[in-house]
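J.: If you're matching them up, the sequences are chains C and F in order. Everything in the first sequence is counted per the numbering used here, starting at 20 for the first residue and increasing by one. Everything in the second sequence is counted per the numbering used here, starting at 2 for the first residue and increasing by one.
Misleading hints may appear alongside valid ones.
Using 27 Å as the maximum straight-line C-alpha spacing, the simulated DSSO-like pairs for lysine-lysine come out as follows [what the hints assert, rightly or not]: (1) K481/C - K226/F; (2) K481/C - K102/F; (3) K260/F - K351/C.
Quick partial rundown of chain C residues pointing at chain F, CB under 8 Å, derived from the structure [unchecked claim]: (4) S197; (5) L246; (6) P248; (7) L252; (8) E290; (9) N342; (10) A345; (11) S443.
Honestly, the hints are just simulated from the structure, not real lab data. Beta carbons: idealized from backbone N, C-alpha and C, even for Gly.
The lines below spell out each chain.
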Amino acid sequence: MRLKSGVVASLFAAILGISLNAQAASDTELAEVRTQIRQLKEGYEAQIKALEQRLQGLEMAALKAEPVAAKTEPPSEQATARAGGEGAFNPAISIVLNGAYGNFSKYPYRYAISGFVPPHNGFSPGTRGLSLRESELAIAANVDPDFRGNLLLSFDSANAVSVEEAYFQSIGLGNGFSLKGGRFFSAIGYQNEIHSHAWDFVDAPLVYRAFLSGENYADDGLQLKWLAPTENLIELGGEIGRGKDRPGSNRNKNGSAAGTVFAHLGGDIGESQSYRVGLSMLRTSPHDASINDVNSAGADVTNAFTGKTTIAGADFVYKYAPNGNAAHTYFKLQGEYFRRRESGTLAYDTTSPGAANTASSYSTAQSGWYLQSVYQFMPQWRAGLRFDRLDRGTVNVGITNLANLQLVDYNPSRTSLMFDYNPSEFTRFRLQFAQDKSRQNITDNQIVLQYIFSLGAHGAHKF
Amino acid sequence: MNNNIKTLFSAALVAIIGVTALPANALNVFACEPEWAVLAQELGGDKVKVTSATTALQDVHHVEARPSLIARARNADLLLCTGAELEIGWLPLLLSQSGNKQIQPGQPGYLEAAASVAKMEVPQLLDRSQGDVHPAGNPHIHLDPQNVAKVGEALTARFTQLDTANAEAYKMRAAAFQKKWHEATQKWEAQAAPLKGVAVVVYHKDLSYLLRWLGMRDLASLEPKPGVPPTTGHLSELLAKLQREPAKMILRSAYSDPKAAAWLSERARIPTVTLPYTVGGNEQAKDLFALFDDSIQRLLTALK
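Build out the structure end to end from the sequences listed, making use of the hints.
T.: Rendered as structure tokens:
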């Protein structure tokens with residue numbers, strides 16, 4: 020510091036000196052300049068000294084401040100620092116902002132899964148151009164010492180707000196039991212319980228589109244789960260519900276119209292690997308379940324199915340991270356298989372003017388699966404590959420409707436490739452390419468660029 | 002298919018009933034981090050059975066509620082975690098999935114270590130523009146031995162409350178540990194005297210308590226904001242800053258990515274010190290005493 024002030028002063032002197040040489044200097048002028056230099060020098064030195072003292076003081080204070088705070092502040096004082104008043108019991112709120120740019124080589128509105136009923140059902144794999152995707156508002160808090168409440172609303176690009184989940188959950192039934200009630204994502208399969216913003220790909224597996232509600236199968240009902248007192252995870256559970264969504268039909272019926280059972284087994288293999296495998300089954304009895312279809316002329320018709328639907332599935336997820344530290348790199352492999360059996364009556368074209376309204380027996384045994392992997396090759400960057408396939412299996416339609424239902428013999432498939440960049444834990448930008456062969460003789464090349472932002476309360480790292 | 006599922010279910014049930022016969026005498030402690038696991042073992046001795054949810058090589062912020070963790074939480078009598086939102090991403094899920102009434106917040110079986118100590122770096126501005134900030138303050142509290150002593154006291158109180166039959170044994174173990182710990186702390190403070198005032202660069206704000214205790218100066222972090230991985234832009238700025246205001250060394254914890262520290266180390270020509278951070282972070286850090294011994298030795302070696 021001293022050295023610096025010296026340098027500054029001599030610099031000043033040099034500059035002044037140069038300007039002085041340019042003039043013919045008289046003695047008085049020289050004396051004047053000398054005093055000026057001295058004054059400048061003294062002024063700077065005083066200022067620098069003051070600054071040095073200030074710096075030293077600050078450094079000392081910084082060193083002292085923390086330990087002092089630590090010693091004088093009893094922990095109880097920190098608790099009282101929390102905000103009081105009416106707002107003190109506000110629940111945890113989190114928001115997910117989700118949107119995309121879509122490029123589809125085939126008209127998304129005409130999307131269908133050939134050979135499967137329902138082939139259309141108003142489902143679209145995305146929107147061309149820029150659009151909002153399912154954005155979400157989640158609110159959760161403990162209700163009392165025994166229950167926790169959750170509400171999740173979703174907003175779509177068409178301004179529709181829907182109640183995705185709204186349920187209570189027991190906190191401490193004890194002995195490994197937990198109870199859930201209200202509207203919730205069923206524990207069938209693996210991905211079904213995961214919200215779309217936490218999926219590894221933009222869209223749901225084909226088999227979810229063909230057999231379940233398209234995204235997540237939710238129902239209004241009750242779920243009871245039991246966790247075994249073992250080293251590894253053994254979880255058994257069951258659900259009853261009204262079967263409000265496909266494959267159910269939101270019946271006008273007392274009692275329940277849908278039931279689920281599931282079993283999960285999971286654990287670690289050493290420090291770096293972990294897994295979960297599961298079996299699940301959903302049984303529902305739809306009554307006049309409305310099914311959108313098109314007739315041979317390409318016009319929309321509505322069919323209705325009444326009968327019994329059983330969907331049984333097996334799922335697994337395996338994760339590998341060196342030393343179990345997923346912050347740098349990890350690998351995830353996930354697959355699900357579902358088999359659907361339907362038996363009952365199918366009424367063709369029930370609503371259009373002059374409807375054909377022909378009913379026939381209808382029974383199927385069909386299956387579908389997907390396998391996907393995601394690899395985080397460096398912090399913040401991931402790549403993923405997914406393969407989807409549906410197997411048309413056997414379809415038996417009564418003679419009256421055989422020609423009406425255009426159930427072609429075709430096994431739909433899709434391949435998707437994904438890259439995402441996650442600048443922070445709360446931000447994700449994703450690029451996905453997919454070659455979708457859901458429709459016979461049609462290949463839809465899809466490119467989706469997606470953003471997902473999470474705001475508010477910290478989200479959960481679900482396995 | 003249906004019959005197959007039924008058979009599997011009953012097979013699973015039989016398996017479970019077989020395993021249910023667990024030894025009921027030892028207190029099952031589920032520790033979220035290795036430092037608390039070894040502290041619980043130290044203070045509980047043979048009266049407790051301890052498991053740690055994470056290892057020293059894992060970034061505790063980025064752990065998932067794995068099936069094995071849910072299963073272990075279900076069987077715990079006491080959950081011992083840091084708290085202060087360090088485990089915010091996975092602990093709430095473990096608690097809600099565990100179906101275990103005893104370890105829920107507010108129960109005697111739930112103990113947050115950070116609740117026993119005063120936190121540093123309580124954010125003035127609670128906003129994610131500041132990175133992944135923890136509202137209650139810096140949760141990496143265990144690298145100040147005084148904090149370990151305080152958590153030890155709280156833990157002993159909880160042991161005696163949960164397992165009254167062995168209360169005397171816990172108290173005796175605690176007295177012995179606290180004495181030994183206090184002596185060790187004095188020894189470390191004497192050893193670490195040359196470290197006072199030494200300026201360092203850290204990777205993440207996970208060494209703040211250690212630096213404060215040793216009177217070292219934390220100049221900057223490799224992370225531009227807490228929880229945001231280092232960027233080349235930020236590292237270049239850091240390099241320029243270090244030329245104006247030199248630091249003696251770069252400190253990183255064993256679980257963090259070594260690349261950024263290596264980059265800066267090479268260009269700023271100062272050594273990188275890899276600290277074990279917690280028990281198991283390197284071969285030497287086998288227990289809490291060794292953790293501090295080793296950390297201080299590494300810092301002193303780098304200073305020479």
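J.: Taking the hints in turn, state whether each one holds.
T.: Here's how the hints hold up against the structure:
no., hint, verdict
1, K481/C - K226/F, "holds, 25 Å"
2, K481/C - K102/F, "holds, 21 Å"
3, K260/F - K351/C, "holds, 24 Å"
4, S197, "holds, 4 Å"
5, L246, "holds, 5 Å"
6, P248, "holds, 5 Å"
7, L252, "holds, 4 Å"
8, E290, "holds, 6 Å"
9, N342, "holds, 4 Å"
10, A345, "holds, 5 Å"
11, S443, "holds, 5 Å"
Comparing the model with each earlier hint shows no violations; every hint is respected.
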